[in-house]
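Spelled out from the first residue to the last, the chains are:
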Amino acid sequence: MITDPGLFLNTVVAGLLLGGFYTAVALGLSIAFGQLDIVNIAHPAFIIIGSYFAYLFGSQYGFDPVLTGIAMTPVFFVLGIVVYRVYYASFERTGQESLSGLAFFFGLMFIIEVTLILIYGVDYRLVPAPYIGVNWKIGVVDVPLRMAIPFAVSMLMTIGLFFYLSKTFIGRAILAVSQDRQALQLMGADPVKIKQVAFGLALATASIAGALLIIIGPVEPSINREYIGRAFAIVVLGGMGSITGTVLAAFILGIAESFILTYASPSWAPAVAFGILLFTLAVRPSGILGRQS
Amino acid sequence: MALAILRRLAGAAAVLTALAVAIPALTSSPALAQQKPIKVGFSMALTGPLGAGGKSALIAMEIWRDDVNAKGGLLGRPVEFVYYDDQTNPAKVPPIYTKLLEVDGVDLVVSSYGTNVIVPAMPIVMRKKMVFPSLFGLAVNDEFKYDRYFQIMPAGPAPKEDWSRGFFELAKSKGLKTVALAAADAEFAQNAADGARKNAKAMGFEIVYDKSYPPPTTDFAPIIRAIQATNPDVVYVGSYPPDSAGMVKAANEIGLKTKLFGGGMVGLQFAAIQKNLGPMLNGIVNYDFWVPAPTLNFPGIEAFLTKYQKKAADAGVDPLGHYLPPWAYAYLEVLGQAVQATKSLDQDKLAQHMRTATYNTIVGPVKFGSNGEWASTRALMVQFRDLKANDLEQFNKAGSRVVLYPDSVKSGELVFPYRQ
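So the sequence lines, in the order shown, correspond to chains A and B.
Start counting the first sequence at 331; every next residue gets the next number (my numbering).
Start counting the second sequence at 20; every next residue gets the next number (my numbering).
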């Protein structure tokens, strides 16, 4: 089995596709946690809200989930600004963001779950889309569109965000606020306003990631918990706040998971993923592309 | 003037007379209203991974309660529920049953939905020697051997093996030789896989793939490819709803080639997943417990489903209710019939009755064996057939799921192979 080149290639491709989706899940957290030091444990819960919007517009009006995810990004952006303002006023301004802030986002996660349960119930929700179930065969390699579309959308979103952060004034200010808040203040920029824009961007990615999640499989309100560990592991492995590092880490985890599922015992997949994280942190504490202090 | 007063007095008298007649009629059983209610206590998975099933079970249980109360209650007393959400969290279950029995003072207890939340209730219930009707626990009593445990799911006297016996008997009848087993790393799926492994070995199959996967798996394509690489005749999967959907989608996308595919996939019985997967389900042979088929049309089931489907639409749970709700109604039917037959809430008498009697329920006649499981198996193997995309109503009709096993309720023959 291990010598079959077709199986090997398929395993690599499946890992890349999975890594692409994991990038979308971790991207917002990379900004919030990696660059802004905000332990937004509720990020996967916001992703589930994105899934439910895709479900709502897909089941009621037949809208494509990806288009819904993109169309809802301004709503999530504003939601992010509101959440950050509350977080800032309640915790960050008074310097209580470490433990109280964590509790805030933990509570927010439960509120989101319960709200979704009250509105939609606890049944699994899925969306129809013409590409779900369709497979492209390229030589010996299978490319299921159910995974390929999330991969492509995630990569486009990542590239867009990368250029926004590196080429625009606000993007650079976001990177600056994560490195030296005081220096940014001296340059005449308001760090709080910059951070609220950054947090808005982080949540805007959740809208698209949620749409991608419901394309891949069914969702229910508490499924967000499955992604908390993975998303944080990717951000830390990538090197806190580095977009390129996040992409690399997501691919490493995706490919590792794919190889374990195919060639070894699937039960080991989470242990190997976190094993890679621990090993990397042991030899490179700042993550793959993190700045060495 | 006097005439007007007389006329008003006559009017008032007429109203009072009408009220005197109407009030007893409105409270159809005044004695029932005055009686101390019989409290039935339970925890239920209303949120968490099994929340969808648990909520639909609760609707069915409330229909039973209302039906019983409309007929005068049990022993002339109204039935009342005391229940708490266990969040599908085993750790929440022991304190809930302790509270039900020690603080709420319930007269009867029944279980939550699912093996993982039934097991933690057992020590509490056993200590108080309560009769414990159970809803969809797989092989729970194998370890406890409690003589007051009565399980409504028709797995059979050897639940682990009986659960998949039909699947492997079908495979054997077609002369198939090799088997791949894939199961989720969780109590129910592992129990089901244990039984499948024993059946496969006992019937002489060669197991060419036997692995577990962690429940938060996102993409199942690598597992399906690894299975395909071993080229098995039979693929048996023990999975939970999101995994089942992922497995079926991956099998269709990759074009899994095998002769028999399915077995113990939870979720393929749920309307939302059925509707979404549609034609991807065609040819899969999977377990079920009740489907619309002429051989399973027991008295009361249609009336129950009509009531359930009306309520389910508002509650946002499984709109068809074929899988769990009839059994949630039936396990209370059994308990209620035992109470009426013994004219008692005495747990010794109830247990004695439940060990020996046969109960007529909406899921057919129920008789328990010595270990509290059904005396003989009626775990169905059904095959999905001729399904179209995005059509929920097709699952309400006979023929969309053909019963292949057991012979006593068979409604058609296996269409074979799954895909070559």
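Treat the hints as calculated values from the structure; they're not laboratory data.
Nothing here was measured: the structure is a model prediction, and the numbers come from that model.
Among the hints, erroneous ones may be present.
Derived pair list, reagent style DSSO-like, types lysine-lysine, alpha-carbon separation capped at 27 Å [what the hints assert, rightly or not]:
#, chain 1, residue 1, chain 2, residue 2
1, B, Lys407, B, Lys90
2, B, Lys278, A, Lys467
3, A, Lys467, B, Lys407
4, B, Lys90, B, Lys111
5, B, Lys276, A, Lys467
6, B, Lys147, B, Lys330
7, B, Lys278, B, Lys193
8, B, Lys193, B, Lys230
9, B, Lys329, B, Lys278
Covered stretches of chain A (chain B as the covering partner; in silico rule of three or more C-beta atoms under 8 Å from a C-beta of chain B) [to be verified]:
#, region
10, 454-462
11, 604-611
Just so it is clear, CB atoms sit at the ideal spot from N, CA and C, and this is done for glycine as well.
Structure-based check of each hint:
1. Using a Cα cut-off of 27 Å, the hinted pair Lys407 (chain B) and Lys90 (chain B) is violated, with the two alpha carbons roughly 42 Å apart.
2. A hinted pair counts as satisfied when its Cα atoms are at most 27 Å apart, and Lys278 (chain B) with Lys467 (chain A) qualifies at roughly 23 Å.
3. For a cut-off of 27 Å, the pair hint linking Lys467 (chain A) to Lys407 (chain B) stands: about 24 Å separates their Cα positions.
4. Annotation: proposed proximity of Lys90 (chain B) to Lys111 (chain B) is violated, straight-line Cα distance about 35 Å (limit 27 Å).
5. The hinted pair formed by Lys276 (chain B) and Lys467 (chain A) meets the criterion: a straight-line CA distance of about 16 Å does not exceed 27 Å.
6. Under the criterion of a C-alpha separation no larger than 27 Å, the hint pairing Lys147 (chain B) with Lys330 (chain B) is inconsistent with the structure, at around 35 Å.
7. With a C-alpha separation of about 9 Å, the suggested pairing of Lys278 (chain B) with Lys193 (chain B) holds against the 27 Å cut-off.
8. With a CA separation close to 25 Å, the supplied pair Lys193 (chain B) and Lys230 (chain B) stays within the 27 Å bound.
9. For the proposed pair Lys329 (chain B) and Lys278 (chain B), the alpha carbon gap of about 39 Å is over 27 Å, so the pair is violated.
10. Given as covered by chain B, the region 454-462 of chain A passes the check, having 6 residues with a CB less than 8 Å from a CB of that chain where 3 are the minimum.
11. Residues of the region 604-611 of chain A lying with their CB closer than 8 Å to a CB of chain B number 0, which falls below the three-residue condition for coverage.
Violated hints, listed in ascending order, are 1, 4, 6, 9 and 11; each of the other numbered hints is respected by the structure.
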